[in-house]
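Just so you know, the sequences run in chain order A and B.
Each residue of the first sequence is one higher than the one before, counting from 37 in the working numbering.
Each residue of the second sequence is one higher than the one before, counting from 9 in the working numbering.
The reader is advised that the hints may include incorrect statements.
[Claimed, not checked] Label-pair restraints from in silico Cβ distances:
no.	chain 1	residue 1	chain 2	residue 2	range
1	B	138	A	196	18 to 28 Å
2	A	124	B	111	25 to 35 Å
3	A	205	B	31	38 to 48 Å
4	A	124	B	261	52 to 62 Å
5	A	40	B	132	23 to 33 Å
6	A	196	B	111	15 to 25 Å
7	B	16	A	121	43 to 53 Å
8	B	229	A	196	29 to 39 Å
[Said to hold, decoys possible] Beyond 10 Å from chain B on every Cβ pair, some chain A residues (computed):
no.	residue
9	57
10	80
11	150
12	160
13	254
14	269
15	276
If you're looking for bench data, these hints aren't it; they were derived computationally from the structure.
Each residue gets a CB set at the ideal place from its N, CA and C atoms; glycine is no exception.
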Amino acid sequence: MIATIRLWIADKLPAWIFLAGLLSIWQLIVVQGWVASYLLPSPLQIFDTTLEMWSDIFAATLSTAQSILWGLGLSLIIGVTSALIFFSIPIARRAILPFCIFFQTVPIIAIAPLLVIWFGYGQPTVNASAFIVSLFPILASTLTGLQETDPQLKELFRLYKPSRWQLVFKLQIPSAIPYIITGIKISAGLAVVGAIVGEFIAGGGLGSLIDAARTQQRVDLVFSGVFMSSALALSLVYTINLVTGLLFRHRPYLRKQ
Amino acid sequence: MPSIEVQQLEKSFSSDAQALFAGLSFTLDSDECLCLLGPSGCGKTTLLRLLMGLEQPSSGTIHVDPALDAKMSYVFQEPRLVPWRTCLENVLLPLELTAKNNPAARDRAVELLQKIGLSDRLEHFPDQLSGGMQMRVALARALITQPKIILLDEPFAALDERTRFHMQDLLLELKARLQLQYIFVTHSISEAVYISDRILLLDNTGAARDIRSLPFRARNQSLKLTPAFNDVVKAYSSLFSEMEDSMKQSNAAQSKQ
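This is chain B alone, in the form it adopts within the complex (with noise of 0.2 Å):
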């Protein structure tokens, strides 16, 4: 049984302007982990959010498994931190609003910030930690609840290289473990190689084309540096620009009319 499953897809934020998506149609399995890819304003954020539930479609249908539907878990594009609230109480933020907050939740909730490397920032407020802090700190509060979907948006745009790459792998760590799914916002290509089995390439008519199966399994930081990936990522990027060239003649198209 798929987890998500998406149907003639198409939203509009105002009547006259032109829908995104077009009738998208996309499956995702149950142990796919599913990059969403395309330049600025494609509508990458809003699918994201169709498939939370924070917008509804204009048409089409999303239909998640029920069981899994309670068990999604959402990163903003910003970190979103309750600015009174310490990192540990952020983190704990989602389970005191589902009254699951207790001691062994406390330990969890330790242990993940330890994992994201903020053990000792615990009871530092949100404004006392930078950028990329406050980004991790937003990830273990999107992993507290224990999620089985976790829908991510550019989570790590803000990183630096180092704890981005180290994020990616926690991912995968994660994915492996415990069998999380993701489904992953980004603008780089060579990140949606690396951490995605599948990638919905859109362009900015929310038009997608399914890239499946990915031909990397096995996955450390060093495959970055193989020459099959950097392949794989330059024969996407190729596709990327192409997509891109045909979009710029279809609008010249639409102007010119």
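Next comes chain A alone, as it looks inside the complex (with noise of 0.2 Å):
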């Protein structure tokens, strides 16, 4: 145990003490007044608008965070829909797949005005946009990870002359499991663009107060917003780990990255 924690100090204290010297050195700069606090404010100042502005801050995190896993849950869902079958139909992938390339290419923010026009402003608007840059990410790790079952097994399991499903089930979605979980760790910190951007111009959540904040000069609450969309951001891939750890708590194997 208290080796344990030990090692837990010797990997993370580090970290923590260069944040609070950049904390530090930070604050000195601003209560110096070697910057103006209109543009620098303090991180204690930053940290009492928090405080302050706690229930609007809170309910814009929510909104945002609801948007995220609206967009998120979806990808998912559709994204390895679409993985399987794209592999099943090979003629559906070299007909598809490319246009998902091409589509992914065009930046959110250039389609997020016709997300306004489609779905009105609000949370509809922000909940497509979290979800269009969260799909291909799990889609194209999904379909990796189906393509890379390993041939040797493959050749074991037809031994055995298994059905389509079988060998879907018991060979390709495990083998590409570890794959999917990538895909959704780095669909999570994009959904999270996704779903600010979406309310910078569909208006909610943080987005839109950090827009509000920015048009009232208010920095301070610029940097609280930032800050939460981070910690969300953060908090969001530990869940992800938190929860793929207990879903695969009896098959290590699965969760190996």
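Work from the hints to combine the two standalone chains into their complex.
Following this line, the structure appears as structure tokens:
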């Protein structure tokens, strides 16, 4: 136990010390008046603002989190399903996948206005924006996972003349699971970006909180919003680790990256 | 009726390469156990794969007694365990894929694992086992379907000597008790003499010399210490080197032309 704590301290302590140093210097710069506080508010000021505006910030964070979960959840379902379809029907893959890749190169900020036209102002557009940016990584990594199924294992299965479904559910999907988990993690970060960008344009959540604070010259509130969005992204990745760890706690191989 | 009948077999992997087996023909009687012996690259594995139907011959025919066709089992050169399945689940895989998995089968799998000395490893994953243990699980997996013929591709090469002897005796026991037939690929002349009724000695073009009626019937490990056994091994060793010499000569003659 003590050894574990010691290891943890040795691992994490440098980062905490660095953070504390950084924040102290930041505070010093602002308090000394070297940088105007309306350009760069001090850490303590940001903290005070966050506490003061907590109910608004919390509501905004919750709304953004909701959109992220919508987008990411939909990406997971549709991404894995379409990867399975592309994998089983090669002609579909050859016909459609190039356009998925093309679609992926169009920046979300360029599509967002279109989404507003289609879905109106508010959460549906934000959900769609989070969904669009997070779909492709899950789809691509699932497809890779399915395609990289160990040919030796495939040959082993072939000895027993399995049905198409047995091959999919007992071999190919389990083989792809570590890839799917990696895909979800990449997509999670992107879904946060997608949601905030969507909110810049369609309103609601942290995106519009940041945008509104900007127009009111409330730089401290902008910072609060920024920190909350990165806290959101971090807790999302942490949650994903926790859930996949629990889900496959008896199958260590499947959560090995 | 012979179990397996091979006629005029040839196999080439590309059109310009020399074909293997040079029209090999042999029949395997229904009570025989055969060893394929020969230098690396002579086509032992290929012959075994052809017999299993994992490869198709370039010319010639392989006829397997239809009563035995579905009762064939194969052990690959490497364990090929499914990494996300436990030992027990790996052994049960063939039954799951052929929809014959039931509680009785589970008991049989446990019994098999007990027999190969892994009863305390039922819930372990392949990466928690040594190479030798993994190979034994692979053997149990091949036996769970209650085969009549089992094809083994150097299955004991990675085992320590004591375990190897134990596994050899297990095969002999299954042969005596269940009339199990096997075709066994090995590098070891003494292993071949010990466990088989008949040896097919292949040179590196895959041309075979058929050695029938090995002199030993009642076998146990102490047999290996008898002078008679060692004489037979010696005789085959010299036959082996004779074949290699003539092969080198013909290769040299070919390269001169």
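Hint check results:
Checked against the hint of 18 to 28 Å, the C-beta distance between residue 138 of chain B and residue 196 of chain A comes to roughly 26 Å, which is consistent with it. For residue 124 of chain A and residue 111 of chain B, the Cβ-Cβ distance of about 34 Å falls inside the hinted range of 25 to 35 Å, so the restraint holds. Against the hinted window of 38 to 48 Å, the Cβ-Cβ separation of residue 205 of chain A and residue 31 of chain B comes to about 44 Å, which satisfies the hint. Taking the beta carbon of each, residue 124 of chain A and residue 261 of chain B are about 53 Å apart, inside 52 to 62 Å as hinted.
Roughly 25 Å separates the CB atoms of residue 40 of chain A and residue 132 of chain B, a value that falls within the hinted 23 to 33 Å. The beta-carbon spacing between residue 196 of chain A and residue 111 of chain B, approximately 20 Å, falls within the hinted interval of 15 to 25 Å. Remark: the range hint 43 to 53 Å for residue 16 of chain B to residue 121 of chain A is upheld by a beta-carbon distance near 46 Å. Checking the proposed 29 to 39 Å range against residue 229 of chain B and residue 196 of chain A shows it holds: the Cβ atoms sit about 34 Å from each other.
Interface exclusion of residue 57 of chain A from chain B stands, the closest Cβ pair being 42 Å apart, more than 10 Å. Its beta-carbon lying about 50 Å from the closest one in chain B, residue 80 of chain A satisfies the requirement of being farther than 10 Å from that chain. Under the 10 Å C-beta cut-off, the non-interface status given to residue 150 of chain A relative to chain B holds; the minimum distance is some 43 Å. Look at residue 160 of chain A: its CB is around 39 Å from the nearest CB on chain B, clear of 10 Å, so calling it non-interface holds up.
Distance check on residue 254 of chain A: its Cβ is at least 52 Å (rounded) from any Cβ of chain B, clearing the 10 Å threshold; non-interface status holds. Residue 269 of chain A, annotated as away from the interface, keeps every beta carbon of chain B farther than 10 Å; the closest lies near 30 Å. For residue 276 of chain A, the shortest C-beta to C-beta distance to chain B comes to about 19 Å, beyond the 10 Å cut-off, and the non-interface label holds.
Violation of the numbered hints given earlier is absent; every hint is satisfied by the structure.
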